[in-house]
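A.B. asks: Below, each chain spelled out in residue letters.
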Amino acid sequence: MRYLYLEKKHLTAFVEHLGKSHKVVVPVKKENLFVFEEFTDAGKMSIDYIPTILPFKKYFSPQHEKLGGFKLGEARMTDLSIEIEPMVIFGAHTCDIDGLECLDHAFHKEPADPYYKKRKKSIVVIGYECMFPCDERTTCVTMDTHVPKAGYDAMITNAGDKYIIHINSGAADDLINGDPIFNNADSGKAKGELHKLRAEKLKKFTVRLKADFKELPEMFKVSYDSHVWEDVGKRCVSCGNCTAVCPTCYCFDVSDDVELDMKAGARTRVWDSCQFDEFAAVAGGENFREERSGRQRHRYYRKFEYPIRKYNKFFCTGCGRCTRTCMAGISLVETINDLAKEWKHD
Amino acid sequence: MISRPVNVTVDGLYSPMEGVIVNTKMMTEKEKFFEIKLEGGKELGHMPGQFVQFSIFGVGEAPISISSSPTKKDKGTFEVCVRNVGVFTSALHKLDVGDKVGVRGPFGKPYPIDEIKGNDLIMVAGGLGIVPLRSLIKFVMDKRRDFGAVTVLLGCKAPKERLFTDEVEEWGNMTDINYACTVDRADPDWKGNVGVITTLIPGVDIDVKRTYAVVVGPPIMYKFVVAELLKKGLQTKQIVLSLERRMKCGLGKCGHCQINDKYVCQDGPTFTYDEIRGLEEAL
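If you're matching them up, the sequences are chains C and Y in order.
With this note's numbering applied, the first sequence corresponds to residues 16 to 361, in that order.
With this note's numbering applied, the second sequence corresponds to residues 196 to 478, in that order.
These are calculated hints, taken from the structure and not from any lab test.
There's no promise every hint is true.
Claimed, not checked - Lysine-lysine pairs mimicking BS3-like chemistry, simulated, CA-CA at most 25 Å apart:
1. Lys457(Y) / Lys229(C)
2. Lys325(C) / Lys432(Y)
3. Lys328(C) / Lys457(Y)
4. Lys236(C) / Lys219(C)
5. Lys86(C) / Lys386(Y)
6. Lys136(C) / Lys328(C)
7. Lys232(Y) / Lys338(Y)
8. Lys432(Y) / Lys236(C)
9. Lys325(C) / Lys338(Y)
10. Lys268(Y) / Lys338(Y)
11. Lys432(Y) / Lys278(C)
Claimed, not checked - One side of the interface only, derived from the structure: several residues of chain Y facing chain C at Cβ under 8 Å:
12. Val201
13. Ala344
14. His451
Said to hold, decoys possible - A short, non-exhaustive set of chain Y residues, derived as facing chain C with CB atoms under 8 Å:
15. Pro200
16. Tyr209
17. Pro211
18. Val217
19. Gly236
20. Glu238
21. Met242
22. Phe252
23. Gly297
24. Pro305
25. Pro307
26. Glu310
27. Arg441
28. Leu446
29. Glu470
30. Glu476
Yeah, the Cβ is synthetic: ideal placement off N, Cα and C, and Gly gets one too.
Only chain Y is shown next, with the shape it has when bound in the complex (with noise of 0.2 Å):
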């Protein structure tokens, strides 16, 4: 009896989750911002810092950064906001509320939130760094007993490039949390500081006994941004970074992540800089 080809269904790993597009925001010329309900209304399930691989059939997959807070009060939907930079963003940009992108995740490390609660913390966006870090801040201030002071320094190049600028102006009201924000050139109507992220943080009141730095930027701001952290006495390992590569597969198979020994998408996205400090591929 000779044994013939048979069929056989494999474990659903790589199939995504039915997710629907619920809100959208235009929210400059080229970031779109997306609220996403999982089928069912299932709970995504994640922590800040993490990151879901968003499809879209034909077009293929890629990972994005989870923008909204698990302590969101419709735990029902997620929220993401993306720039559009590549095929696979163009044409998550084409798509409206009522339609469907699949959803795998969430996956990566966390921030270490159970060990920066009790502390103060300090966090630094560049750019879309926002993005991946309004999770946490959100977080932050939805559970804000739970750390010390708190610090919100926030860069971009141009005041039309800033992102979330409703909730932003929010964070800048708040007696609860020191707020600075800056960008690189300033236009006629802008009346906020003129200058790179790392001006902001001098003026920045740290304990470096008991305070953490989350950052998250594009890789030329970390060398600055670190430099300036650590100048002002802060340990490697109290300062942390999200780091982006573009994941095939989020399980660490497929290599595309791979810092020297490290997948970014299973021992990151975020390091203490003591981890990675030294590896040429890193930053």
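Here chain C stands alone, though its shape is the one from the complex (with noise of 0.2 Å):
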């Protein structure tokens, strides 16, 4: 829509604007990782961050969301309403906006989503540009989602001695509105600074799988028998870490929380993780995928390879937090690439 420019001392005043009217959340440093949270004072904000031990589909999608109320006996919900908080979600890299639009995808498809539908209307959501590599394990530019292209309210990337912010939605220019502290840039102008920074910070931006954004849907739909499951599974301890950590897994458990009086309670998803061992089992003892293998490759194919075919969409957004917190030391990296040689060599 049109561009901004904020001068680098402004960048508090800026959250503080937010602050007025919204619940602002931004990235704020844990010990030695970096979470979401409510802002508080700019002390604790950290804007130059690699991804959040969560990622802030927290937001959109809760860890336990309550579906509903109900009283023991009865058949219908008593109560159908959720608590919706306005929010600014401050700080947003570019993998965690793709990842936002893989959930829009996936709970916007008919039957949409009641829930998350109500939450996505209420949040908006401003990305900031990273302009260096978090480390070694984020794939962001073969999957290409190191730049901006779409999903976000506005976006701020650091040019130096300043800010150039995009602003991409009306819900965002109604908030800085008249805030004396942005200067209107000119369109022509600023994307052309824009363009000059992202051409820099490429050459930044060293790490590649092994098969390129083309040829990956190509390389999965040969690797579905490959050795390389069964070296995964074999270190995979099923902990679901993964899952829980990946911006685009949404799989859920439902379950009946019944209050200490034994009269009402509420019924809420949760949660679950395909890596886990019953995720697949039905009634009777059948489950349709025992092994460690199958499930890891399960997660994969649900990445790179189902969802091209449903949302022409990669469901892997290259953050890298997959393999930060796997504690069996699985890499998505490594079992690209693993998988890539073995293909290539075919």
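The two chains are supplied separately, each in an independent frame; assemble them into the complex guided by the hints.
C.D. replies: The structure is reproduced here in structure tokens:
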């Protein structure tokens, strides 16, 4: 829509301005990692960060989400209300914004999820473009998520002496409207500056997968029976960390919690993981993904192959969280590169 | 002005309709039959092959096959038959006439009735498979002239495990369907066939150009029955199966019923063998 300039010293003032009307969540340092937390004071915000422990999917599809209230012995839900808080996510990385687009596909597909729809409408996403790669586990360039394309309300890019802000929605426009800290920028000039910055930035992003964006679906088509899955399965401990931290994993279980008076309760959905032993089990004992190798393969196929057919989009954003969190040392980079080696040799 | 959290009401996609149990019957030691009336006598509006999510608050929700046909005379009720195998089904077994049960659905893709119409049909049920298949068997009997030659083949482990025995006896006496039944292990009173269900197939006269087979049973049965049907000359597109998974939502979201890129709750539970052939996670 339009471009603005912001002096670097005004970044905190920008967040404080947003805080006047909204709850604002920002990246905050927690020990040696980062989390999204409500903004309290500027000293705690870490705008230059590597992906947070949990992606901000926790605000769109909370780990525990009430589906409705009930009374025991009745059949209809008694309460279908949820609490929504108008919120700004400040400092979202482009990989996580891509992850949000994946969730949009999955939850908005008919029949659209009523809970996600309401939450999504109440959240404004203000991105912060990475100018340096996070680490050697980040594959955002291969996944083509290293530059902002869509899915955000506003995007902040560090241009050295100042920030360039791309206003991409009416909601963002309304939020900053009238604040004197912003200066209007000429669109053509700002775009030119961004173009140059991104060409420079790409030189620093050196990690690439050994199969590129176009090759990945082709490779996965023929890798279903690869021995790589056996290797990965042998190491996997089925803890489910990889799916919990994945910005595009959204599978859930449903459980009923009864209050102590044994009269009423709530039905809640809870993040689940296809890595758990019981995930694909049915009544009577049959389990359709009994082996860890098959469950890991399923996870990778749900990122690189099945969603291509369903949504024409990868469900891997290259954020690197699954690799960083895996206690068995399973690396997405290694797994894909092993598959690629096998594929290119055949 | 700071925005405060607000309470908003969501669409009731996960909120069950109210069902009341109007009739029950223990069919065997483990299987119980339920007839359910929806609030206001509302029609369920299903087709054979579909399922519902049954709900008991405090216990949870589970997918249940619909066993009655939409052609049933009393449109205000539908029927299911449930084996007591887990936490949910054991809670359901404790319910009786007058108790309420939550119902969401119907969900899923029905058997391809429009394609089958005008052709011959072989229906094969093993064990509990008769429960979802009964919906189609009854539908076909009520619309008998829409179908060519109809064959019903039933199998179960032992005579005492047979379900819907009164009805099955009637099917056996009908002259416009071919019917055969077998048990894996006989008891002293059993006078019928003994042997696994595949032993019934070679005896069926099949016109491969115009025959569909609908097969419902446990995964192990599919492998053998499908092989036998292919041996008879049926094409993979003419064989229809119904798969069981533990759906948590019925809406293509929760991920539990996924087989490769297919969601059983939406792309199934009925599939042609052609659709799932080669999918390791299917059978």
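A.B. asks: All the hints need checking, so say for each whether the structure fits it.
C.D. replies: Now for the hints, and whether the structure bears them out:
Taking the CA atoms of Lys457(Y) and Lys229(C), the gap is near 23 Å; set against the 25 Å cutoff, the hint holds. With a C-alpha separation of about 23 Å, the suggested pair Lys325(C) and Lys432(Y) falls inside the 25 Å cut-off, and the hint holds. For the hint linking Lys328(C) to Lys457(Y), the alpha-carbon distance of about 16 Å falls within 25 Å, and the restraint holds. Note on Lys236(C) and Lys219(C): the hinted pairing is violated, with a Cα-Cα distance of about 32 Å set against a maximum of 25 Å.
Straight-line distance between C-alpha atoms of Lys86(C) and Lys386(Y) comes to about 51 Å, which puts the hinted pair past the 25 Å bound. Between Lys136(C) and Lys328(C), the direct Cα distance comes to roughly 22 Å. Compliance with the 25 Å bound is thereby established for this hinted pair. At roughly 24 Å between alpha-carbon atoms, Lys232(Y) and Lys338(Y) fall within 25 Å of each other, so this suggested pair holds. For the given pair, Lys432(Y) sits about 23 Å from Lys236(C) by alpha-carbon distance, which is consistent with the 25 Å threshold.
For the hint pairing Lys325(C) with Lys338(Y), the CA-to-CA distance comes to about 37 Å; that exceeds 25 Å, so the pair is violated. Taking the CA atoms of Lys268(Y) and Lys338(Y), the gap is about 13 Å. The hint holds against a cut of 25 Å. Annotation: proposed proximity of Lys432(Y) to Lys278(C) is violated, straight-line Cα distance about 51 Å (limit 25 Å). The beta carbon of Val201(Y) is positioned within 8 Å of a beta carbon in chain C (closest approach about 6 Å), and the interface hint is therefore held.
Interface hint at Ala344(Y): violated, since its Cβ lies 33 Å from the closest Cβ of chain C, which is beyond the 8 Å cut-off. Taking 8 Å as the C-beta contact cut-off toward chain C, the hint placing His451(Y) at the interface holds, the least distance being around 6 Å. Satisfaction of the interface hint for Pro200(Y) is found here, the shortest Cβ-Cβ separation to chain C being roughly 4 Å, below the 8 Å cut-off. A distance limit of 8 Å between C-beta atoms decides the matter here; for Tyr209(Y) the minimum to chain C is near 4 Å, and the interface restraint holds.
The criterion of a C-beta within 8 Å of any C-beta in chain C is met by Pro211(Y), whose closest approach is roughly 6 Å, and the hint holds. Because the smallest distance between the Cβ of Val217(Y) and any Cβ of chain C comes to about 14 Å, over 8 Å, the interface hint for this residue is violated. Checking Gly236(Y) against chain C: minimum C-beta separation of about 15 Å lies over 8 Å; hint violated. Taken as an interface hint, Glu238(Y) does not check out: its beta carbon lies about 17 Å from the nearest beta carbon of chain C, beyond 8 Å.
With its C-beta approaching chain C no nearer than about 18 Å, Met242(Y) sits outside the 8 Å limit, and its interface hint is violated. Evaluation of the Phe252(Y) hint against chain C yields a held restraint, the C-beta minimum of about 4 Å falling below 8 Å. Because the beta carbon of Gly297(Y) sits about 4 Å from the nearest beta carbon in chain C, less than 8 Å, this interface hint is met. Given the 8 Å rule on beta carbons, the hint for Pro305(Y) is violated: about 17 Å separates it from the nearest Cβ of chain C.
The interface hint given for Pro307(Y) is broken, as the beta carbon of that residue sits about 22 Å from the closest beta carbon of chain C, more than 8 Å. A least Cβ separation of about 24 Å between Glu310(Y) and chain C goes past the 8 Å threshold, and the interface hint is therefore violated. Residue-level restraint check for Arg441(Y) holds (minimum Cβ-Cβ distance to chain C is 5 Å; threshold 8 Å). With a cut of 8 Å, the hint placing Leu446(Y) at the interface with chain C holds, because the nearest CB-to-CB distance is about 5 Å.
For Glu470(Y), the interface hint is violated, since its Cβ never comes within 8 Å of a Cβ in chain C; the closest pair sits about 14 Å apart. For the restraint placing Glu476(Y) at the interface with chain C, the shortest Cβ-Cβ distance is roughly 5 Å, inside the 8 Å limit, so the hint holds.
The structure fails hints 4, 5, 9, 11, 13, 18, 19, 20, 21, 24, 25, 26, 29 (numbered hints given earlier, in ascending order).
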